[in-house]
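A.B. asks: Model the placement of chain B on the given structure of chain A, informed by the hints.
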Amino acid sequence: MSDKNGNTSQESEGSSRQLIIALAGNPNAGKTTLFNALTGSHQKVSNYPGNTVERIEGVWKLKETDLHLIDLPGLYNLDTTSDDQTVARKVLQGEYEGLPKPDAVIAVVDATNLKRNLYLVTELLECKIPLVIALTMFDDAEKKKIRIEIDSLSKLLNTPVVAVTASTKRGLEELEERVLAALHTTAQIPSGINAITEKDGDAQAIARNDFTRGVVQECVTRSKSSELSGSDRIDRILTNRFLGLPILLAIVFLIFLIVFSVADLPMQFTEYGFFALGQFIENALPRDTLFRQMLIDGIIAGVGGIVVFVWQIALLFLFISILEDVGYLARATFLLDRIMRAFGLNGKAFMPLFSSFACAIPGIMATRTIGDKKDRLITIIIAPFMSCSARIPVYILLIPLMGLSAIAGALTIVAMYLLGIIVAILVAFALKRTALKAPLPPLVMELPPYRLPNAKSVLINIWKNVRMFLVRAGTVIFAISIILWALQTFPSRDFSVPEMVMMGVAVFLIATFMLKRVMNLFSSKRVSIKPLPSRNSAVSWWRKPVWRSETRLVAIVIIVWGLVAYIPIYASGRWNEPNIEPTPEEQREKVKTSLAGELGRIFGPAVRPLGIGVSNGNDGGERGDVMRGEIGFALIASFAAREVFVSAWKMSSLGSEDADPDPPLVAWNNYWENLGTSWRNLYHGNFDELTKGKDEDKSLQDTIAKNNFTPLNALTLMVFFVLAMQCASTLAVVWRETNSWWLPIAMFFGMTVLAYAAAFLTYQGGRLLGFA
Amino acid sequence: MDHEKISTLADLPIGVEAEVTGILGDDPLIRRRLIVMGIVPGEKIRITKTAPLGDPLEIRVNDFNNSLMVRRTEAQAVGVRYER
Chain A
1 MSDKNGNTSQ
11 ESEGSSRQLI
21 IALAGNPNAG
31 KTTLFNALTG
41 SHQKVSNYPG
51 NTVERIEGVW
61 KLKETDLHLI
71 DLPGLYNLDT
81 TSDDQTVARK
91 VLQGEYEGLP
101 KPDAVIAVVD
111 ATNLKRNLYL
121 VTELLECKIP
131 LVIALTMFDD
141 AEKKKIRIEI
151 DSLSKLLNTP
161 VVAVTASTKR
171 GLEELEERVL
181 AALHTTAQIP
191 SGINAITEKD
201 GDAQAIARND
211 FTRGVVQECV
221 TRSKSSELSG
231 SDRIDRILTN
241 RFLGLPILLA
251 IVFLIFLIVF
261 SVADLPMQFT
271 EYGFFALGQF
281 IENALPRDTL
291 FRQMLIDGII
301 AGVGGIVVFV
311 WQIALLFLFI
321 SILEDVGYLA
331 RATFLLDRIM
341 RAFGLNGKAF
351 MPLFSSFACA
361 IPGIMATRTI
371 GDKKDRLITI
381 IIAPFMSCSA
391 RIPVYILLIP
401 LMGLSAIAGA
411 LTIVAMYLLG
421 IIVAILVAFA
431 LKRTALKAPL
441 PPLVMELPPY
451 RLPNAKSVLI
461 NIWKNVRMFL
471 VRAGTVIFAI
481 SIILWALQTF
491 PSRDFSVPEM
501 VMMGVAVFLI
511 ATFMLKRVMN
521 LFSSKRVSIK
531 PLPSRNSAVS
541 WWRKPVWRSE
551 TRLVAIVIIV
561 WGLVAYIPIY
571 ASGRWNEPNI
581 EPTPEEQREK
591 VKTSLAGELG
601 RIFGPAVRPL
611 GIGVSNGNDG
621 GERGDVMRGE
631 IGFALIASFA
641 AREVFVSAWK
651 MSSLGSEDAD
661 PDPPLVAWNN
671 YWENLGTSWR
681 NLYHGNFDEL
691 TKGKDEDKSL
701 QDTIAKNNFT
711 PLNALTLMVF
721 FVLAMQCAST
731 LAVVWRETNS
741 WWLPIAMFFG
751 MTVLAYAAAF
761 LTYQGGRLLG
771 FA
Chain B
1 MDHEKISTLA
11 DLPIGVEAEV
21 TGILGDDPLI
31 RRRLIVMGIV
41 PGEKIRITKT
51 APLGDPLEIR
61 VNDFNNSLMV
71 RRTEAQAVGV
81 RYER
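Chains as they are written, first to last, in this note's numbering: chain A, 1 to 772; chain B, 1 to 84.
These are computed hints drawn from the structure, not numbers from a lab.
These numbers were taken from a predicted model, which means no experiment stands behind them.
Some hints here could point you the wrong way.
Said to hold, decoys possible - Pairs of lysine-lysine residues, derived as PhoX-like cross-links and limited to a Cα-Cα distance of at most 25 Å, are as follows:
| hint | chain 1 | residue 1 | chain 2 | residue 2 |
| --- | --- | --- | --- | --- |
| 1 | B | K49 | A | K144 |
| 2 | A | K144 | B | K44 |
| 3 | B | K44 | A | K145 |
| 4 | A | K169 | A | K128 |
| 5 | A | K143 | A | K373 |
Here chain A stands alone, though its shape is the one from the complex:
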């Protein structure tokens, strides 16, 4: 298919260059809904080179042709200096390498807000690209008694105008035809626009405004209604001077409650799923080898531990997407702007920080919506202080060890959350005053009318975030799990030399690949923009670009390792020989003599100032050393992922890990039973029953109590966990999102030092107050 200039082939494959259509329009005009309707789930999200603006593109299948559709950021204008606008200008002028000037532009215009939307249209008309206007929200306009003469509008702007309703697909066919027609024309600038370009600066902007006012006067008739719109009536309560903030807090609290309680059941199913996978491997490979252990204790345990949080993330984003679609997030910004400004935060940081309570990874990715670079950096830096889901297992383990009453225990958890929030505010405040000082970007923002959420958009948004979480967290955790497991196993005398060699090779490869990614950031090679694969292409999933050769190499090494481990066993007929199960004592010894155990012992003295293992003022002698070694080991393990602390501590002190997860049916019954019991206890005021810890942790608690682990120790450790950076996946995401290698390193060291200092103060303060 040739474009208007008769150009056909450009790519080496001999196919003609894929035609590019840009989608532009105001935020809230229905641009993204239209984009989703045209591309389905065939979208890709990435970054524009050099900044953090989200790059959203997809494939629009238009009558046998695949068009490359670019969803430009929502904009009101193109003529100032924000990142969004700069990116849009560059795209429209074809200034990005590999992304030629678009062949047509679809301007999405909200029929209920024509005048404001047309400002951008006047700028688009100057770009000399064929334009088609998609007029959305037509039914809403009719309900508001706004009548638009489409023909008149089209004539005044010299541009085809099509009324579309993305949700019902009405008008999409006509849009397709108009776009096809537009691709074969050259753009013509309507007469009124020339007068605008002759002016400068503010005068030009005001001239644009006059032009749009003229157009609207010609084409739009409104019956003035002085009664409040539905949205206004809702806002009388939701942005009420007195009720607004309490309602916001209630909504936030409710969302947390629902997310964390509802996600629990699918989480248990997922845990069981991974456990079943492990059982399957144990049955398929009956003989225990290093390889089998790597699969079960390394990969499955590691990856499973992170994947299990996907439910909380999905649920949280369900609520966030609904709130955004409905229009409530704008009201939240209205209510919170003053407070967040006082803390040095941008109003748009609310949503990313809120998401970080489930997991900092999607939260940090969500900071892309914060236009201002410095504000975004601050938000990224403080996001990990919002206590994420992974810290909860640690809190649940440590709170019972404090021996408090039920209510005090609950209050302590709340205090931990608050601690994170307060520290975050202080850090943001300090940064804003010093290193990241910058003038505040203007707020002037629309409060869109309340709308029903669009189911498709919400689902696509959830999927986008879940997928990014699984890919980002998954790949990092996969690599780190193998390395950590190796640390905990090496040096093991029980297994064959060839296996040890394979383990070394695998670890070496993974470490090298990770290092290579870090080194890549030093090079100035810019990522070029490739055209998207056509929708019809039956590309096998293993040939898709996401599977890079490094992954294949690691996969090959793992397969070879498996063969090296099991072929000799099979050959010597020992396949079904029973394994010698180590006793818990032996397990503990293995942990202690492993590399990780050694590291734990080396780190042990470091936690002495935090009071671990200390009794009666002296350092507890050998028992204290043992305790410190165990905790040191668990702490090291937890720097990859926080929840690993629990199983690692159990491993090093008891020689066994968590109890097996319940099968789905048992989990289902227990869940509803517990829920019913909890509500009944709440109803009757039996708070003690509510916070009783799980029985399987009792053995750990007994052992720990015998070793001088005091309530103050528990509190100190918790404080440490609130503030420390113990998530390799988060660091990886920060690295990807900011394209800098020093920021993750700085965050790691900064937060760990902060956590240590806070834990130290907690312990010493507790001692002074007589709690030791």
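C.D. replies: Using the frame of chain A, we list chain B on its own:
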């Protein structure tokens, strides 16, 4: 007795309709943003409510359907004239 008052949007009493006389202030970014959103000389404008802490303001520009929010500091860049 009616007389005309000239001041900025920031000082406009809530609910009183005024006419925009000019876009002032040193910050070109704020000025441009205000114009883009439709706050230009000649438009009728009024404050419909304020946020819990008095800032930002929710305003309505007469030809538009959607309300806007602006900070007080930004509202100071909008000169207005109203009857009192």
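A.B. asks: Against this structure, judge whether each hint is valid.
C.D. replies: Here's how the hints hold up against the structure:
1. This hinted pair checks out: B:K49 and A:K144 have alpha carbons roughly 22 Å apart, not beyond 25 Å.
2. Note on A:K144 and B:K44: the hinted pairing holds, with a Cα-Cα distance of about 20 Å set against a maximum of 25 Å.
3. Annotation: proposed proximity of B:K44 to A:K145 holds, straight-line Cα distance about 21 Å (limit 25 Å).
4. Taking the CA atoms of A:K169 and A:K128, the gap is near 29 Å; set against the 25 Å cutoff, the hint is violated.
5. Annotation: proposed proximity of A:K143 to A:K373 is violated, straight-line Cα distance about 40 Å (limit 25 Å).
Hint compliance for this structure: hints 4, 5 are not met, and every other hint is.
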